[in-house]
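Residue numbers (my numbering), protein chains in the order written: chain A, 1 to 107; chain B, 1 to 122.
I should point out that these hints are in silico values taken from the structure, not numbers from a laboratory. Some hints here could point you the wrong way.
Unchecked claim - Pairs of lysine to any residue residues, derived as SDA-like cross-links and limited to a Cα-Cα distance of at most 20 Å, are as follows:
| no. | chain 1 | residue 1 | chain 2 | residue 2 |
| --- | --- | --- | --- | --- |
| 1 | A | K45 | B | Q5 |
| 2 | A | K45 | A | F62 |
| 3 | B | K45 | A | T22 |
| 4 | A | K103 | A | F62 |
| 5 | A | K45 | B | Y102 |
| 6 | A | K42 | B | Y100 |
To be verified - Reference listing, derived: stretches of chain B covered by chain A, where coverage requires no fewer than 3 residues with Cβ under 8 Å from a Cβ of chain A:
| no. | region |
| --- | --- |
| 7 | 14 to 26 |
| 8 | 84 to 90 |
Here a beta-carbon is modelled for each residue, glycine too, at the ideal position from N, C-alpha and C.
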Amino acid sequence: DIQMTQSPSSLSASVGDRVTLTCRASQSITRHLNWYQQKAGKAPKLLMSVTSNLHSGVPSRFTGSRSGTDFTLTISSLQPEDSATYYCQQSQSLPLTFGGGTKVDIK
Amino acid sequence: QVQLQESGPGLVKPSQTLSLTCSVSAGSISSGSYYWNWIRQPAGKALEWIGRISAIGSTDYNPSLKSRVTMSVDASKNQFSLELSSVTAADTAIYYCARYYYDSSAFYLDYWGQGTLVTVSS
Chain A
1 DIQMTQSPSS LSASVGDRVT LTCRASQSIT RHLNWYQQKA GKAPKLLMSV TSNLHSGVPS
61 RFTGSRSGTD FTLTISSLQP EDSATYYCQQ SQSLPLTFGG GTKVDIK
Chain B
1 QVQLQESGPG LVKPSQTLSL TCSVSAGSIS SGSYYWNWIR QPAGKALEWI GRISAIGSTD
61 YNPSLKSRVT MSVDASKNQF SLELSSVTAA DTAIYYCARY YYDSSAFYLD YWGQGTLVTV
121 SS
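Sequences and hints are given; from them, build the entire structure.
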């Protein structure tokens, strides 16, 4: 199985801050990396697919990038509604696997 | 837009079989390039993929659960189902159904149900 490791496990930042979340794959997954946002008590929602393609309705302050097996999700200007846990997920091979999540809190 | 809704017992006894159904609305389970998935999440923990089924019944399961998982699809009812046998307390989790879109270059879970909590306890 491909292991997905997210860091940090949690962070706290202020409104307007630039925030970067990292996800590392245990082997090459090319660009097949998706990001999901899960707010407390809710189902996950697709944020971004294939490394950097924003899903419909997702604000442009969210961007994604890749360097080898390292992927980043950047929030350019953190907003109160961005408080959530973010999960990465690889679609390169089965079984689909998720990272452990990064919880983002607003100071 | 498509909606998914899980249903089934919220409490299952140890060693018994967990059975859930996902009803799909505002879209046919048989149309388009999709797989229909089950994912679970123990309280405070990360997401775990259980498996997927196509509209014609082709399945893929997580090897960690494969010996206990059965998925089925009923296209006439626009539903798909999960059975997990020989459950223990470790199977207590929120269970989500989700649609998996695929094409030549992209594969992702684009729509999710709200989730249903299943507790394994005597």
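Consistency of the hints with the structure:
1. K45/A with Q5/B: 15 Å, holds
2. K45/A with F62/A: OK: K45/A and F62/A at ~14 Å, within 20 Å.
3. K45/B with T22/A: Roughly 18 Å between the alpha carbons, so the hint for K45/B and T22/A holds.
4. K103/A with F62/A: Holds: K103/A and F62/A sit about 16 Å apart, inside 20 Å.
5. K45/A with Y102/B: Holds, at roughly 17 Å.
6. K42/A with Y100/B: Holds - the C-alpha atoms of Y100/B and K42/A are around 19 Å apart, at most 20 Å.
7. 14 to 26: Our answer is that it is violated, as 0 residues pass the Cβ test (under 8 Å) against chain A, missing three.
8. 84 to 90: violated (count 0)
Going down the numbered hints, you'll see the structure goes against 7, 8, while the others check out.
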